[in-house]
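Residue numbers (my numbering), protein chains in the order written: chain A, 1 to 488; chain B, 489 to 742.
If you are wondering where the hints come from, they were derived from the structure by calculation, not from laboratory data. On a predicted model such as this, the values are computed, not experimentally measured, just so you know. Note that the Cβ used here is the ideal one computed from N, Cα and C, for glycine as well. Some hints here could point you the wrong way.
Listed below are the simulated DSBU-like cross-link pairs for lysine-lysine, each with C-alpha atoms no more than 30 Å apart in a straight line [said to hold, decoys possible]: (1) Lys-523(B) x Lys-22(A); (2) Lys-595(B) x Lys-480(A); (3) Lys-50(A) x Lys-40(A); (4) Lys-723(B) x Lys-431(A).
Chain B is faced by these chain A residues, among others (derived, beta-carbon under 10 Å) [said to hold, decoys possible]: (5) Ala-37; (6) Lys-90; (7) Ile-142; (8) His-339; (9) Ser-399; (10) Arg-422; (11) Ser-462.
In silico negatives: residues of chain A with every beta carbon more than 10 Å from chain B [stated by the list, open to error]: (12) Phe-21; (13) Ala-102; (14) Glu-193; (15) Glu-201; (16) His-343; (17) Ser-375; (18) Gly-378; (19) Leu-416; (20) Met-485.
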Amino acid sequence: MMHDTGYRIQVAEMEIKKLRFKEASSVALKNQNLRKALVKTTDRFRSVRKQSIGEYEDWDGLRNKARGIKEEAIGNLDKYLEMLEGNVIKAGGNVHWARDGAEACGVILGIARERNVKSVVKSKSMATEEIELNHAFEGAGIGVVETDLGEYIIQLAKERPSHIIAPAIHKSKEDVSKLFSEKLGVPVYGEPEQLTRVAREKLRDEFLNADMGVSGVNFAVAETGTIVIVENEGNARLTTTVPKVHVALMGMEKVIPRFEDLPLFLSVLMRSATGQKMTTYVSFITGPKKDDDLDGPEEFHLVIMDNGRSGILASPETRESLYCIRCGACLNICPVYRHVGGHSYGWVYSGPIGAIITPQLLGIDKAPELPFASSLCGACKDVCPVKIDIPRILLELRSRVIEDEMEKQKIGTGILQRLAVRLWRFSMESKNIYNLLIRLSYFAQLPFTNKGRLRSLPFPFSGWTDRRDFPAIAEKPFRKRWEGMRNG
Amino acid sequence: MLSSKTETSQNVKVSLFITCLVDIFFPQVGESVVKVFDKLGVDVDFPEAQTCCGQPAFNSGFRHDAKALAKRFISVFDGDRFIVSPSGSCTSMVRVFYKELFRGDPKMSEKVDKLSSRTFEFTDFLVNVLGVDDVGAVYKGKVTYHDSCHLLRELRIRNEPRRLIESVRGVELVEMNLSDVCCGFGGTFSIKMPEVSVSILDEKINSIVESGADAVVSTDMGCLMHIGGAISRRKIPVKVMHIAELLASNKKDA
């Protein structure tokens, strides 16, 4: 399937360090401003979603239908991607395939170089965040500006998005005022309207001067070669129509079979994400500007990227991770995300969906803590518009982490934990050993017990007792009391 | 005082799956379960070889060890009696996650299907199998109910515990804010990621206190030992009760 129409530039592969959720979340938990912002925003998202889906009598039926179509699309991905490619070309566009992030960056830089592009405007796209495209542009001496307000803010702050649909959720109004004043040389404004006006004025010039626009893709329709982008600010509309060249980057799971599938997917996406019936803008883009069109880009390029997705496709246990339409509802409902925020997850995708796709896209050894960054409460599964069984996948990935550690025979806590689990299992496999251990533990705890409570335990249980009491082992376990109840 | 279906309870045979937490730390909860069943005339036995269903190993990624304990559980609870447990989480392990554990093993899957079809969480069993939502209990106080995640989202039981609570004489059920949000326990999660776990717990404790209830009731000792751990550390005057304890109560004043 590999074929190409433009230059490819060699881009070095990204160096990804091992992600450390526990350390990062510990820092986040101490940031009171962040915590306030998280509670406020997740509460708002939760309530607008709930209200919005309440307007449907059979929301669950819609979810089943959307999931069914995703099953069909992902189950026949080769067929639908080729169909998409054929129809994009038929509409006058170009299609490029990229195996990984470095190749995707190389293709996009190649297109830019060939056309002597000096400045690029971008609309919001998680896929471009994933491959660090801005970094690649900057390295090539090409100016790039994010035009989604949230993305613009984090680009100025040199940070990563902390939420799939609200990238600057972690920044307060005050943070943004200060940032704009420092970076843009404007007064410290207090009101969001003033800040938005500043961004709008700065960005308007960028749109008019840009040689190329880069966007993401919410849905790519195989049967028509149409890409669909939803947004509320109009910046994606400008990004994809004003510059002469439009490049759209999509993860290969974004394809859907038919145009008639769109109303369903737009509904479940918008309502799950922002609680809207319809976002302010929905752009349908089929190839470049036609001869009788008044405006639009002269060239349209679609870059279809794998970057680890085929690995997920090949794994029947976790394949449904690819059904995700990036609505962010699982982030908003997750008790863990609500307390630690998106940056704790270490990479571009956060919350429950991040905890399952990051280890799969980067490799389980890069993010071994993420599958454990969940209480397995299952709230994510219930809000997911395509019913991805996230807790089940987390459990599957946990077993892969353990397998990976066993294969590598890692020393340290891995071995200790394994030993502990073995001993525990051994004692659970025999009623007599189990009884004996309970009895011994009962006596061992006595000097430390106070009113049936333990206030301090050694590592690793100290994590519990630092701020919570632990119950003492009962003098007579239930099995002894049972004997008393029945024989006594 | 008991509801009409109680007479049918007398032919019902139940094996108690008491769970390690109740056996080791909270035996009074097990006694309460037995008292309620005795009152209803249910034929109860306790397979003494039982230990743990394997959930801690499964949730920690140690599937090999979890399988060994699951197989042991299946043989210990062999037969055709109902298996009833005072825990939505341990019941979910048997009913939902054993299937996952033995996926691709047709022989074990068949055994698991049979086993899970006769395995029930305590309140689910009372209301949906025995048809009882009033066990004739008496307790004076304002009670708030915490939905345990596994009971709610794996077994889909939301109203049954509430119906049982509301039928207790003298009880006023007051709903806390976000009763269906996790308390942050998550088994080994509470020890692996204690800071996150406690932060989630703080919000739950606030909801409980703000509800004005003088007792918090739930169906799982995992959640309750977590909630209770903070309540006792902070000396908050709220009683922590398993629903079986409430249903076994016949006291006019708490």
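Keeping to a limit of 30 Å between CA atoms, is the pair of Lys-595(B) and Lys-480(A) held or broken?
35 Å, violated
Ala-102(A) non-interfacial with respect to chain B [C-beta, more than 10 Å]:
Check passes; 31 Å lies beyond 10 Å.
Lys-523(B) paired with Lys-22(A) [C-alpha distance capped at 30 Å]
44 Å, violated
Was Phe-21(A) rightly flagged as not at the interface, with every chain B Cβ beyond 10 Å?
8 Å, violated
Over 10 Å from every CB of chain B: does Ser-375(A) meet that, or does the non-interface label fail?
3 Å, violated
Per-residue hint verdict: Arg-422(A), partner chain B, C-beta under 10 Å:
7 Å, holds
For the hint on Lys-90(A), just tell me whether its beta-carbon gets within less than 10 Å of chain B.
Cβ of Lys-90(A) sits 43 Å from chain B, so the hint is violated.
With chain B as the partner, please determine if His-339(A) meets the hint condition of a C-beta pair closer than 10 Å.
4 Å, holds
Does the CB of Ser-399(A) sit less than 10 Å away from some CB of chain B?
4 Å, holds
Please confirm whether Glu-201(A) is truly not at the interface, meaning its C-beta sits more than 10 Å away from all C-beta atoms of chain B.
Consistent with the label, Glu-201(A) stays out of reach of chain B, its closest Cβ about 40 Å off (over 10 Å).
Given the hint that Lys-723(B) pairs with Lys-431(A), test it: the Cα-Cα distance must not exceed 30 Å.
The hint is violated at about 37 Å.
Just to be careful: measuring from the Cβ of Ala-37(A) to every Cβ in chain B, is the smallest value less than 10 Å?
Violated, because the Cβ-Cβ distance from Ala-37(A) to chain B comes to roughly 15 Å (cut-off 10 Å).
This entry does not satisfy hints 1, 2, 4, 5, 6, 7, 12, 17, 18, 20, going by the numbered hints stated previously.
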